[in-house]
Amino acid sequence: ETGVTQTPRHLVMGMTNKKSLKCEQHLGHNAMYWYKQSAKKPLELMFVYNFKEQTENNSVPSRFSPECPNSSHLFLHLHTLQPEDSALYLCASSLGTSASYEQYFGPGTRLTVT
Amino acid sequence: AQTVTQSQPEMSVQEAETVTLSCTYDTSESDYYLFWYKQPPSRQMILVIRQEAYKQQNATENRFSVNFQKAAKSFSLKISDSQLGDAAMYFCAYRSGRDQSNYQLIWGAGTKLIIKP
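Chains F and U supply the protein sequences, listed in that same order.
Residue 1 is where the first sequence starts when you use the numbering used here, and the numbers rise one by one after that.
Residue 115 is where the second sequence starts when you use the numbering used here, and the numbers rise one by one after that.
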């Protein structure tokens with residue numbers, strides 16, 4: 001058990017819906033990450049927060065909107081998604097953003113856009 | 115730009131035998147970190163082993179060890195005495211150590227490891 005939880009585990013939404021993914025870490029970490037994992041493709045880093053401040057937006061479309069109210073919680077707000085956005089969305093956390101800190105991952109949310 | 119290549123989409127091994135997963139990377143940097151992550155069918159990604167490029171000694175964690183060939187830019191993972199619980203997707207990842215603010219892991223596409231009982 002890595003101490004990073006994600007809800008919901010599965011989500012099916014239409015292209016006109018608005019939904020949110022939630023991530024919570026119980027490890028006392030200061031950095032949190034959103035990744036997109038598509039079949040047969042490398043993981044794509046989407047957003048990074050360090051001490052609640054967004055420090056990376058990896059050219060992610062504006063239909064994905066992150067929110068980090070505190071160091072333990074991270075949200076990904078979704079609206080007007082496209083079918084190609086269907087993927088596994090992984091949250092991760094680490095003590096800091098230095099390369100020496102291990103990233104701990106949550107189980108992911110399997111998102112299907114219809 | 116750095117890249118990570120895992121040339122084996124799928125590998126299978128008999129239980130209790132040894133298997134090696136390959137990973138090559140491309141970089142012009144001398145200071146970096148390499149990782150192997152495991153993602154079982156439950157989908158929770160777990161760090162298996164890590165290697166700092168400045169260390170010549172190959173990292174080892176119990177049944178897992180790496181063969182780090184810096185000049186060849188190769189970073190293979192050896193799993194000894196394979197167990198059913200080792201079945202998973204294995205991802206190789208690279209991260210620059212030169213710039214402490216560059217926290218992006220560069221990932222390979224993964225190798226699916228099947229353990230035959």
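Misleading hints may appear alongside valid ones.
Straight-line alpha carbon distances no greater than 20 Å define the calculated EDC-like cross-link-like pairs of lysine to aspartate or glutamate that follow [claimed, not checked]:
1) F/K40 x U/E131
2) F/K40 x F/E102
3) F/K19 x F/E102
4) U/K226 x F/E44
5) F/K52 x F/E67
6) U/K184 x U/D140
7) F/K40 x F/E56
8) F/K41 x F/E67
9) U/K169 x F/E67
10) F/K41 x U/E131
11) F/K18 x F/E102
12) F/K41 x U/D140
13) U/K230 x U/D140
14) F/K18 x F/D85
15) U/K192 x U/E143
These are computed hints drawn from the structure, not numbers from a lab.
Bear in mind the structure is a predicted one, so any value in this text is a computation, not a measurement.
Exercise. Are U/K169 and F/E67 close enough, with their CA atoms no more than 20 Å apart?
Worked result: Judged against 20 Å, a Cα distance of about 38 Å means the pair is violated.
Exercise. Does F/E56 lie within 20 Å of F/K40 when you go C-alpha to C-alpha?
Worked result: Violated: F/K40 and F/E56 sit about 24 Å apart, past 20 Å.
For this session: Please work out if U/K226 and F/E44 have their alpha carbons no farther apart than 20 Å.
Result: Holds, because 19 Å separates the two Cα atoms, which is no more than 20 Å.
Exercise. When you check the alpha-carbon spacing of F/K41 and U/D140, does it fall within 20 Å?
Worked result: At roughly 18 Å apart (the allowed maximum being 20 Å), U/D140 and F/K41 satisfy the hint.
For this session: Would you check the hint for F/K41 and U/E131, treating anything up to 20 Å between C-alpha atoms as holding?
Result: Violated: F/K41 and U/E131 sit about 29 Å apart, past 20 Å.
For this session: Sort out whether F/E102 lies within 20 Å of F/K40, counting only the CA atoms.
Result: violated, 24 Å
For this session: Given the hint that U/K230 pairs with U/D140, test it: the Cα-Cα distance must not exceed 20 Å.
Result: Violated, because 33 Å separates the two Cα atoms, which is more than 20 Å.
For this session: Mind checking the alpha carbons of F/K40 and U/E131 for me, to see if they're no more than 20 Å apart?
Result: It is violated: about 27 Å lies between the C-alpha atoms, which goes past 20 Å.
Exercise. Within a Cα-Cα threshold of 20 Å, do F/K19 and F/E102 meet the stated pairing?
Worked result: Violated, at roughly 29 Å.
Exercise. Does the structure keep U/K192 and U/E143 at a Cα separation of 20 Å or less?
Worked result: Violated. U/K192 to U/E143 sits at ~25 Å, over the 20 Å cutoff.
Exercise. Taken at face value, is the distance from the CA of U/D140 to the CA of U/K184 at most 20 Å?
Worked result: holds, 10 Å
For this session: Please work out if F/K41 and F/E67 have their alpha carbons no farther apart than 20 Å.
Result: violated, 26 Å
The structure does not agree with the numbered hints 1, 2, 3, 7, 8, 9, 10, 11, 13, 15 stated previously, though it agrees with the rest.
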